[in-house]
Structures are given as structure tokens and as C-alpha cells.
Amino acid sequence: MSSVESSVEVPAGAAERKRRLTISRALNEALHLEMAADPSVVVLGEDLAKIGGVWGTTQGLLAAFGGKRVRDTPISEAAFIGAAVGMAAMGLRPVVELMFVDFFGVCMNSIYNLAAKQRFFSGGQVKCPMVLMMSVGGGYSDAGQHSQCLYATFGHLPGMRVVMPSNASDAKGMLISAIRDDNPTIFMFHKAIHGVGWLGTLPASIVNVAEGSYTVPLDKASIAREGTDLTIVGLGVTVHHAVAAATVLQKEGVSAEVIDLRSIAPLDRETVCRSVAKTGRLLAVDDDYLSYGVSGEVIATAVTDPRVKLKATPVRISYPDVPVPFSSVLEQAILPNNEKVLAAARKIIAESSGG
Amino acid sequence: MRRLALTGSWPNMLSEIRNKRRGSVATHGIRAGAKNLQTDRLWMFETMLRSRELENRIKTIYFEGKTPVFNMAKGPIPGEMHLSGGQEPCAVGVCAHLRPSDFVTSTHRPHHVALAKGVDMQAMTAEIFGKATGLSNGLGGHMHLFDAAVNFSCSGIVGEGIAPAVGAAIAAQIQGRDDVAVTFMGEGATNQGVFHESLNLAALWKAPVLFVIEDNAYGISVAKAESTAVASNVVRAAAYAMPGVFVPDNDPDLIYAAAGEAVARARAGGGPTLIEIETHRLEGHFVGDTVEYRPLVERERMKDIDPIMLFRERLLKEGADAAELDRLATAAAAEADAAVAFARESKFPDLKEMYTHVFG
Amino acid sequence: MVEVTIPQDFWDDDSEGSISSWFFAEGDTVQKGDLIAEVTNEKAASELLAPGSGTLSIVVGAEIPIHRGQLVAKII
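As given, the protein sequences belong to chains A, B and C, one line each in that order.
Numbering-wise, the numbering used here comes out as the position in the first sequence, counting from 1, plus 1.
Numbering-wise, the numbering used here comes out as the position in the second sequence, counting from 1, plus 6.
Numbering-wise, the numbering used here comes out as the position in the third sequence, counting from 1, plus 120.
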């Protein structure tokens with residue numbers, strides 16, 4: 002896959018005043034900018050046009066760009082995502098929303114057999130510059146069919162980018178990159194950090210967002226916090242758990258480096274390996290089901306790299322191999338959180354103290 | 007096979023259907039036997055009341071812990087909540103004809119159907135509160151209510167219950183039972199691929215199944231006219247070689263008549279039927295929905311067409327005893343209060359509950 | 121100095137709402153018309169725009185109950 006330029010371009014005049022946005026508003030701004038700049042960008046999905054999406058990402062687009070380019074669809078995911086593949090083949094750049102990742106079951110063929118394989122099957126003749134946005138994540142009692150993450154399910158299948166921002170600034174730049182990219186991108190946004198007021202949003206995701214257009218690379222992890230003693234790898238909401246834990250660890254004399262993966266596919270293995278080669282200790286955190294998951298992939302990446310000499314056994318914190326239970330006492334007990342990350346980090350340090 | 011002449015515009019078609027239906031209701035009522043019919047009608051009224059009384063309490067309790075800062079995760083009933091106020095006739099008109107051994111699937115808006123099917127109100131309420139005494143020990147919640155004793159289940163994925171109902175119907179055939187299956191869905195679900203696949207399969211295998219569409223005209227914010235290329239799914243039934251019946255006006259008696267005929271057909275080996283019911287969602291898609299996408303005049307009309315109020319007026323006009331109807335209302339309120347108290351007092355499940363039911 | 125209060129038309133009654141997010145921090149420069157906060161009442165969100173330009177001084181933080189008409193910030 003071609004990769005977007007690996008430096009964050011910030012527009013001239015960026016020494017401008019600060020203002021913060023939620024991820025929802027940042028994505029909305031990105032869509033307004035790209036739709037204005039490029040008439041081939043179109044938007045379709047359930048409840049996206051008239052009410053601007055249940056997640057707020059398409060607010061104002063119908064009024065600004067009209068019903069030909071911004072459409073409410075029937076509840077027909079297989080059809081409208083499959084149709085988006087056809088649109089993309091003919092020169093449009095569709096941005097589509099799957100309201101909840103959990104709904105992928107009814108339309109997975111359109112995603113992993115159509116969108117992801119057009120370029121490959123055609124030997125490069127046909128491309129699929131489609132962005133498929135989807136909400137992920139639980140923790141607010143929406144039960145087993147509205148709370149899943151499924152990073153590994155999508156990351157495992159070749160042919161599509163799978164990304165997820167942890168903050169509003171990355172979100173805007175990443176969506177602009179994804180729209181401009183000629184590859185199909187699964188653009189996940191985590192509900193716990195999205196910024197819809199009725200869900201409760203981690204404030205750390207609401208950050209300063211530069212005005213105007215800028216891009217953020219889709220295949221590079223970012224170092225959310227530099228450190229020397231331990232590498233904690235997270236994505237989306239778990240980046241914030243990691244940073245919170247790292248802040249406490251600092252006071253205990255432990256310098257933790259936090260990596261924000263940003264991209265599930267392709268995985269930025271180089272950043273992970275360089276970090277663990279430096280620190281010798283690895284803790285991977287994700288809120289998807291444990292087995293065959295992102296954290297396992299991160300650990301496998303590190304331990305198979307010849308530069309990495311481990312001082313402690315790597316640890317992964319994930320969601321267990323259990324459907325998401327409705328009852329809040331159950332769900333809250335098994336989700337990753339700040340305390341679990343902190344406890345695991347302390348244990349790793351203790352295991353290898355003096356190392 | 008019932009054929010409806012679909013001429014001209016949507017309003018014309020509606021009045022055509024209404025005229026046809028009125029005639030057949032009178033006939034059917036006499037065939038069913040007046041005593042059974044009257045008993046069933048009182049049961050329908052009572053069951054609608056029971057559902058509404060419970061849901062009124064659920065709606066109030068839903069906001070506990072969620073004001074002034076609305077955080078969906080907080081309170082004794084966290085998560086999403088989809089209430090069925092206004093759609094009660096669909097549930098009672100159909101389920102009046104069903105036995106515990108008949109199989110029913112419903113949607114993310116399930117409470118009225120669950121109660122009409124015979125799901126225990128206390129266990130259901132406890133499940134909505136996520137308690138250990140709930141139908142599934144708190145694992146499923148409001149959108150995933152399962153009660154194997156009365157063969158009821160529901161789902162949070164649009165269209166998910168349609169195919170299982172076809173399967174349950176086939177099982178009855180294979181196992182030599184004259185039980186039927188019913189799947190309730192919204193009009194939005196008829197645009198899902200599995201709807202079409204299931205109808206074809208049911209017709210092909212002559213499955214004893216009813217496809218019941220609760221057409222409340224809105225899929226979250228999208229009106230039916232903006233999502234569906236046909237004015238009525240009765241047209242689609244014809245395309246899948248099965249009878250299709252449209253029932254207007256959210257009328258429990260008309261629904262009862264149409265469902266009775268379809269259930270009898272299915273039990274006798276005559277195969278599937280599609281029933282499209284014009285119903286009304288009195289409030290928003292979920293609790294908290296401000297419903298701004300819906301014209302104000304429509305929203306304001308809802309309280310004037312509350313089906314429980316209208317059915318009560320009809321029963322009174324026919325000579326029902328007002329005191330008896332009031333007694334049913336009082337009993338429904340008391341039952342709902344007891345269910346809520348049971349749910350509140352029940353304890354939460356233990357952690358190990360989760361792991362017991364992943365595999366068997 | 122300009123006062124920033126919750127507009128009366130943000131919701132219909134005397135119920136409480138809250139600021140779900142401030143989009144500028146204490147001491148930031150804002151311009152008239154800037155989106156400075158999102159305010160929620162039950163599930164409906166409204167956009168609070170700066171009524172003037174200057175330096176923002178926050179009086180009420182996020183997720184604290186507020187009424188319509190209440191003073192939530194000053195722009196100096």
C-alpha cells in the first residue's frame with residue numbers, strides 16, 4: 002500500500018489561536034473541508050443527512066452540499082456499502098458510515114471481499130478510495146450487539162487500512178488523509194472519546210485542533226509520552242488509560258513511554274520495536290476481545306525483533322473472550338481501565354527491578 | 007390468497023383497504039365465536055395496559071442518575087431504551103392467537119411483544135435493570151430478552167429475528183407440531199437483505215410463519231417514504247408468493263382478525279403470511295430522542311390517537327362496564343409497581359455468571 | 121466585559137442542563153461568534169457561541185448542573 006507522507010503538515014499561519022474540539026466536531030470539520038475542496042467526495046449512511054448522524058459527524062453537510070452528495074440510506078448496509086465500492090470504482094470518493102461496528106455482520110462481504118480486494122484482483126486497475134466510518138466501544142451498558150470493538154476482526158483481513166484516532170487533532174488530520182487516500186479505510190471512532198454529550202467523553206480527547214486543512218499519516222503510530230523504562234502500547238481510549246497510568250508512575254520514579262498506535266492495519270511495527278528495544282519492557286492494552294487480538298500482535302511483533310532484549314515478560318490487557326454483558330457491574334469489572342494498566346505496569350517493573 | 011388491488015396513490019389505496027377490511031372483520035368475528043372474541047378483546051385491553059404501565063415507569067426511572075448531566079451509562083437503567091408506546095395493538099392483536107409453544111422474535115423495541123407472549127413481567131423488568139433475577143441473569147438486557155419457557159426472544163440488530171422465525175417454523179413441521187412462528191419487525195427491516203431471503207425461503211418451504219411489520223413510519227429519523235421504494239410491503243409479499251395483508255389505523259380488532267386468519271392458515275399447513283400494520287410510535291426512537299426530524303403536527307397528533315384510549319372508548323361504547331375497565335387499569339399499575347420493586351430489590355449478578363454461559 | 125449566559129431558547133423548561141465540553145481554556149482569546157462550548161440538556165445538545173471578543177474567563181466548568189440564564193463565563 003502506498004503510504005501518506007510521514008510528516009504532519011500544518012498549514013501556514015498555524016501559530017494561530019487555540020480552540021478545542023471533540024473528535025465528533027473535528028471529523029465534521031474535516032468532512033466540510035474535503036467536500037468543499039473536492040466535488041467527488043460524497044457521503045451516505047443511515048440518518049446522516051437530515052439529522053447529521055447519530056454521532057454528529059455529518060452535521061451541516063446536507064445544507065452545505067445538497068442531497069445528491071449527502072444521502073440518508075435505508076437500513077441496507079450490504080447494498081449501500083457495496084454501492085459505495087461501485088461509486089469508488091467510477092471516480093467518486095464515498096464516505097460511508099456503519100452506525101455501529103457490531104452491524105458488520107450484515108454487510109461484511111461488501112467490506113472484506115469487495116472493498117478490500119478491488120485493487121488486488123484488478124492488478125491495480127480499479128481502486129477503492131472509500132472511507133467507512135464506524136463507531137466502536139462499550140462501557141455504557143449498550144450490551145452485546147452495540148459495544149464491541151472488533152479491531153482484530155478488521156485488522157486481520159488484508160486490503161484495507163484500519164485506523165482509530167485517540168484525540169480530536171489526530172482525528173481531523175487522519176480523516177482528511179483517509180479521504181485523499183486511494184485505499185479503502187475503515188475509520189473507527191471510539192464512543193468513549195467521541196464527544197457526544199449524552200455518552201460521557203474522556204476530556205483528554207478534546208484537544209486543540211488547528212484550523213484549515215492538514216493531514217496526519219495513516220500508517221504511523223505516535224509517541225503520546227516519551228519514556229525510558231517501560232513501553233505501554235494503546236489505541237483509542239486505551240491510550241488515555243496508559244497516559245493516566247504513566248502520570249502516576251512518573252511520581253513513583255518510573256518513566257513510561259506511551260505509544261498511540263493510531264493504525265491497526267498496517268501496524269507501525271517499527272515504532273513499537275524501537276521503543277521496546279529501548280525500554281526492554283512491554284505492556285499492550287486494548288479493549289477488544291483477547292484472543293487473536295491487537296495486543297497479542299503487538300507483543301508478537303516486539304518479541305520477534307532481534308533488536309529487542311526483554312527485561313520482563315510482556316503483558317497484555319484486553320477484554321476477555323466473553324460477549325459484552327449488559328449488567329453494568331459485570332461490564333465495568335472486565336473493561337480495561339487506568340487502575341488495571343497501573344497495576345500491570347508496577348508488576349512488570351517489580352519483576353525486573355534492578356534490570 | 008388475498009389480493010389487494012393497489013390502484014393509484016397511497017391515500018386511495020388506504021381507503022380501498024379499509025373498506026375491504028371492515029367487511030371481513032365482521033365476518034371473522036362471528037366465525038370465531040362471540041364468547042372467545044370478547045374474552046380475547048378484554049385480554050388485549052388488559053395486556054396493552056400492563057405494557058404501558060410498565061413502560062411509563064421505566065421511562066421515569068431511566069432518567070434517574072441521568073440528570074442534570076445526561077450520561078447514558080448512569081442510573082439504575084443504563085444504556086439505550088426503546089419504548090413501544092403506541093404499538094401495543096400489534097403485539098396483542100397477534101399474540102392473542104398464540105400458545106406458549108409458538109415461537110416469537112421481536113426487535114430492539116420488544117416490551118409489548120414480550121408481555122403479550124407471556125414473558126414474566128418481574129423477570130423481564132429485573133433483566134432490564136441488569137439484575138441476577140433477570141431472564142438472563144443480567145447478561146442480555148433490554149434488547150436481548152430471552153424466555154425459552156414461552157419461546158420468546160429479541161435482538162438489537164435490525165432484521166436479525168426474521169430468519170430464526172422461519173427456522174422455528176420449519177422445526178415445527180419436521181417435529182410434527184402445528185405450532186407457528188411469528189417475527190415482529192419494523193418497516194425499516196424490510197430493506198435488509200435477510201428479509202427478502204427469509205420470505206423466499208418461507209414461501210418455498212411453506213413454513214408456518216407470520217411476518218408482522220410494525221410500520222410506525224420512521225427508522226430512527228428516516229421516514230418510510232424516504233427509505234422504501236414501495237408504498238406497502240404487501241406488494242413485496244406478492245413478489246415472494248405469499249398472502250400480504252395491510253391493517254390500517256393501529257386497530258386491535260382489525261389486527262386480531264388478520265392475525266387470526268394467518269395463524270389458522272399456518273397451523274393448517276397453508277404456509278406463511280405477511281401482515282403490515284399501520285401503527286404509531288408515540289415518542290422518539292429512543293428515550294431522550296428529541297424527535298426534531300418529525301413534523302410538529304405529527305408529534306402533537308400522537309396523543310390524540312393513543313390506541314389504549316381509543317380501544318377503551320370503543321369498549322365502553324359497546325357496553326363494557328367502566329368499573330371493570332378501571333379495575334384492569336388499577337391492577338396493571340399495581341403489577342408494574344411490584345415488578346419495579348422486585349427489580350430494584352434484586353441483587354446484581356456475580357462476576358462468574360458471565361463465564362458460565364459463553365459455552366455450555 | 122461581556123457576560124456569557126445560557127440562552128433561554130436552549131431548552132424548554134426549568135430543568136437543569138450542563139456544559140458537556142468547553143472548547144477554549146481559561147485565558148484563551150476568543151472572537152465573537154466562536155463556538156466556545158457545547159451544552160446538553162437530557163440528550164439534546166446546543167452550541168454556545170461567544171457573544172463578544174476578548175479573553176475567556178470560565179465561571180462554571182463542564183458537567184456541573186446549570187439553568188437557563190445562568191452565567192457560565194465572562195469575556196474580558
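No lab work stands behind these hints, which were simulated from the structure alone.
Quick caveat: nothing in here was measured; it's all calculated off a predicted structure.
Any given hint could turn out to be false.
Claimed, not checked - If you want a taste of the chain C side facing chain B, the calculated C-beta under 7 angstroms gives, among others: (1) S138; (2) G181; (3) E183.
Claimed, not checked - Cut-off 20 angstroms, straight-line C-alpha distance, at most; resulting in silico cross-link-like pairs (SDA-like, lysine to any residue): (4) A:K221 / A:G145; (5) A:K51 / B:G294; (6) A:K118 / A:K51; (7) A:K19 / C:P127; (8) B:K358 / A:G145.
Even glycine gets a Cβ: it sits at the ideal position worked out from N, Cα and C.
Hints versus structure:
1. S138: Holds. Min distance 4 angstroms.
2. G181: violated, 12 angstroms
3. E183: holds, 5 angstroms
4. A:K221 / A:G145: violated, 31 angstroms
5. A:K51 / B:G294: holds, 18 angstroms
6. A:K118 / A:K51: The hint is violated at about 32 angstroms.
7. A:K19 / C:P127: violated, 25 angstroms
8. B:K358 / A:G145: Satisfied, since the Cα-Cα distance of roughly 17 angstroms is no more than 20 angstroms.
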